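**Student:** Okay, here's what each chain looks like letter by letter:
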Amino acid sequence: MRLHEYQSKEIFSNYNIQIPRGHLASTPEEAKLIAEELSGPVVLKAQVLVGGRGKAGGIRLVKTPSEAEDLASKILGSRIKELPVRRILVEEAITFQQEIYLGMTIDRQYGEIILIASSEGGVDIEEVARLKPEKISRININPLLGLRDFQTRDLASEIEIPRNLWRAFILIAHNLYRAYTNIDATLAEINPLVITSDNRLVALDGKIILDDNALFRHPDFVDKRDISAEPPEETEARKFCLSYIKMDGNIGCLVNGAGLAMATMDIIKHLGGQPANFLDIGGGAGAEKVAAALRIILADKQVKTVLINIFGGITRCDEVAVGIRHALDEIQTDLPFVVRLVGTNEHEGKQILAKAELETADTLHEAAEKAIALAREID
Amino acid sequence: MSILLNVETRLLIQGITGQEGSFHAQQMFNYGTEIVAGVTPGKGGEWVLDGKVPVFDSVRTAVEATGANTSVIFVPARFAADAILESTDGGIELIVCITEGIPISEMLQVRQVIQTKNIHLIGPNSPGIIAPPHQKVGIIPDSITQQGTVGIVSRSGTLTYEVLYALKREGIGTSTCVGIGGDPIIGTTFDEILSFFEADSQTESVILIGEIGGQDEEQAADYIANHMTKPVIGLIAGQAAPPDKRMGHAGAIVEGGIGTAQSKIDALKNTGVQIANYPEQIPEILKNL
Chain A
50 MRLHEYQSKE IFSNYNIQIP RGHLASTPEE AKLIAEELSG PVVLKAQVLV
100 GGRGKAGGIR LVKTPSEAED LASKILGSRI KELPVRRILV EEAITFQQEI
150 YLGMTIDRQY GEIILIASSE GGVDIEEVAR LKPEKISRIN INPLLGLRDF
200 QTRDLASEIE IPRNLWRAFI LIAHNLYRAY TNIDATLAEI NPLVITSDNR
250 LVALDGKIIL DDNALFRHPD FVDKRDISAE PPEETEARKF CLSYIKMDGN
300 IGCLVNGAGL AMATMDIIKH LGGQPANFLD IGGGAGAEKV AAALRIILAD
350 KQVKTVLINI FGGITRCDEV AVGIRHALDE IQTDLPFVVR LVGTNEHEGK
400 QILAKAELET ADTLHEAAEK AIALAREID
Chain B
1175 MSILLNVETR LLIQGITGQE GSFHAQQMFN YGTEIVAGVT PGKGGEWVLD
1225 GKVPVFDSVR TAVEATGANT SVIFVPARFA ADAILESTDG GIELIVCITE
1275 GIPISEMLQV RQVIQTKNIH LIGPNSPGII APPHQKVGII PDSITQQGTV
1325 GIVSRSGTLT YEVLYALKRE GIGTSTCVGI GGDPIIGTTF DEILSFFEAD
1375 SQTESVILIG EIGGQDEEQA ADYIANHMTK PVIGLIAGQA APPDKRMGHA
1425 GAIVEGGIGT AQSKIDALKN TGVQIANYPE QIPEILKNL
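Going down the list, the sequences are from chains A and B.
Sequential numbering from 50 applies to the first sequence in this note's numbering.
Sequential numbering from 1175 applies to the second sequence in this note's numbering.
Certain hints may be false.
Claimed, not checked - Partial list, derived from the structure: chain A residues whose beta carbon lies under 7 Å from chain B:
1) T154
2) A410
3) H414
Just so you know, these hints were derived from the structure itself, not from any lab.
Note that the structure is predicted; figures quoted are calculated from it, not measured.
Where a beta carbon is used, it is the ideal one built from N, C-alpha and C, also for glycine.
Isolated chain B (complex conformation) (with noise of 0.2 Å):
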């Protein structure tokens, strides 16, 4: 079984008439993703891809007459805020974010509305999840991907990419591939999609794509310590970045030194994570794991 997705997916494309939106959908739907529902607020009763999906005023009307459970969101960064507590409000039990530029002062207020409900938010900023061979939200060229038996969690999106890429030349596959996003304020951290992992028969290994800032890789070191039985590689972009335009002295003061490429290199060493310097040395190391 894959994570996050499964035969019981029933997604709905909030921004499904946009320009990004109604190409992606069409991908999606050729690669075989349940898709009940579009929402585009003043378009409810169109029909798009081919007269196939039916379009909805809102994610409420569109659950209530499709049993949609699993929502999209490729609405322009103003709205995409309101438009993940709409899916919230309407009973989406997870929703897969996009769209990148969201201010921060409102993922916050998401943040904690999420918190108190029983909902998966990925991303935002999120290339989404795909799950080989025929279950895919978002916009992860499904071409590079086939199944098997590894995870992969990133922060990335092309970054992840090239990692399938190298993956798919070595013949190796994946069960899912979930793109957390890049954003300070995201939804589903790291630990969070390990455990997922941990739990899923499919998944035999996990690949952890991280990057340069925050504390999320640390964290995510200390789940692999404490709960992970399946074997773990890292790989951390940004040892050669240019030392961080800095938050200020309360930026420092609030990460006191991690968040830097080693650190988080160092935290997941200590926990027996074997770490690939480029995308291309991890088919080596998963084979002789």
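So here's chain A without its partners, still in its complex pose (with noise of 0.2 Å):
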């Protein structure tokens, strides 16, 4: 789970990580009374789960209260790049002399957490990875050890920092493990950190990722999920436990297990097809759940064909059948189905369908080639 600018910075604030004074605004007077209390110029800043706002012009300074209300309304209610933008952060302007990069995330190969830093931060930092791979610090954490204190102390001397900085940069980047930590993110990045004109290390700008298989543990942020900064298909595919992303094909695709689905798209695309999104419905799905996902699929207006392949091991195919007969009684739709159903329960799934005279397909790549070749018809 993404966690907007804002929230991000509020955990780094109780973790004692400096952030500009600012407060939230969804109205343009909002933004004018913020402005007027912090007073001297602000910086307005969209807040939408999306990389590149700053390019797309989501975050502008503005000098005065009534240019943050006129700029303000603007914002609001625009899009950046498709998301609707809802609310500003509005927050003090800070001169600075230099950004760095600080950031966490897990090394899957050494089974540890990663942390990463950067003299040369800012909304760069990736070309800098590429391009000077020398200007990036890296530390492996032992996570039963914990981040120890001569690995800040290296990672300071690595990247440069000011030497009458180190003490403050040493206590953020153990306050940022110990958010990381505490919190079960996937993903803990301040970028850019600055030194401030007046040498002080302030977090301008902040992203975190959360472990979705530990939010159990932290209800308060569950509710703080933001429904509105997604599409709402993804927001409808998640209360039922199921992992859609949307594409620009026009072959719906229901399967079961990520793997599968993804090879289903890769074959459909090798034939000369195009998919019109990811689904994995999961393991052991039953009717309920395969109804919502074929209404989801046909609700994509760009779907000619649907592709619907069920490999049963724990999920089994006669309910996979029911769920597609309850979606089918339930919307009326002319578009034509593939579908194949393989694995536990196969014969009584087929004979569900069998009064719905739905295509069929033995084989995967049967079941991609007629698919693609009823879109066509269509198209």
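Hints are included, so try docking the two chains, each in its own frame, into the full complex.
**Tutor:** Structure below.
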């Protein structure tokens, strides 16, 4: 689960990492009031869960409260990379001498946490990593030992933090690590962490991603999930524990298992078709879940054909068939379906669907070929 | 011979009285796996599988009483890391974790502990291991397998079934099929399983089923280049997948351009691995080796 910038900063602040003074505004009037309270130039930052906000015009510097109001009225309600802006973070503008990058995430290969820092932080950090890898320092943290003092000293020295700021930097690294582990994050990133003109370290921007598998330990965060910030079909999918990602093609896919769902999209593409989505109904899905999945697929107006590929193991083909029947009773559609059911209770499933007279297939290859041909006929 | 499982395997099932655990216990039992014990805290003293298998309160007491050396875990996600550590502590040598959804922070700790011991952890989020015709630890449907000379190692569940099915339709059997699990932090990686297949006399060729994310396939390519003499066929899922919802800049810096389907395919092709575009192509490639 991705947190908004303002949510990430709340966490930083709770862990004694300095952030700019500021508040969240959802109307232009609020933006003005906050700007008045802060006095002096302020930065307006659109709160959307997408990278590259600044380059898309979502981060603006203004000098007066009335300018803040004007600009806020333009940004609020607009869209950044298709996502609606409903809230703006209004913060004091901070002048700085240097931007630092400080982030941590999982190192899958070693099964550890990796701490990354660079003296050249800011929006182009990935370019820095690519072109000047020597400017990126990494330290692996053994999860049983935690982050040690000597490691943070090494990091401060490697990225050439001025000596008089070592203490402050080391404290921030420790605090970020404490936050990361306490909230079960898989990413915690301060970018940039700036050295201000008056020689303080302040977190100007940040991003935190939480481990969905650990959310049960943090019910307070679940309530903070910003559903308005994501496409409605993804919200609907999550409600039924489905994993759905919309794509641009015209063949809707309903599959059990992430690997098989990807392989189904791959073969469609390999044979010259275009998948409309990734959809994994998970293991052991019941009829209700299957019907919900089908509703989401059919709500996509680009879909011309539906390909259902189920390899029953824990999932039972008869349950899937009942779900398909329910959805078809409920939603009137003329779109052609290709249904492939193999594995647990395959025969029962096929019998349930016999009356619906849907196209069937024995192999994945055959199913994909049929779906592509049907989609072409319609287009 | 198969890998990981053999005639010495004495299986203990953690979570044997749960819905999934009891169903799959019966399936494994019917297939011929030697199930010697079950563990469900609070239900010690009961008997399951028609009174043939005793249930214990702890792994330690189960191992002492039955000599179990392998365990399979069906307990819910929030208790699963503890179940792995309990098996580790109880002296189990091979632990197969089927459970999906274990918090990453817990798996990081578990992996550190496993690394210091002579233990193999398969999974979590794994479909398990099957060595036809009589050995199965996990949930792989046995009806789609038959004994043979092809080793399979996979990060996926149902995609593995698809491959097994495609092989069986063409009359091709497996020596052992191992699902190493789809989670970011797993106990055993591709290269370790490849080394077992390389050393196994029954296995003549290997199918590696990977997917986007992480660097496991790239690491496997390294291993294949330096150590494998047996032919390897690769299938990588995710070529048509949308760009992963990225893990911030840190993820991009750590992976640095690798982790995509294309980088995995390129790495494997460079070592002479033949890449199948879809499951049903694999039997053809095998026949032409």
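**Student:** If a hint holds in the structure, say so; if it does not, say that too.
**Tutor:** The hints, checked one at a time:
1. Interface restraint check for T154 (chain A): the shortest CB-CB distance to chain B comes to about 4 Å, inside 7 Å, so the restraint holds.
2. Using the Cβ-Cβ criterion of 7 Å, the hint placing A410 (chain A) at the interface with chain B is not satisfied: the shortest such distance is roughly 12 Å.
3. Because the beta carbon of H414 (chain A) sits about 5 Å from the nearest beta carbon in chain B, less than 7 Å, this interface hint is met.
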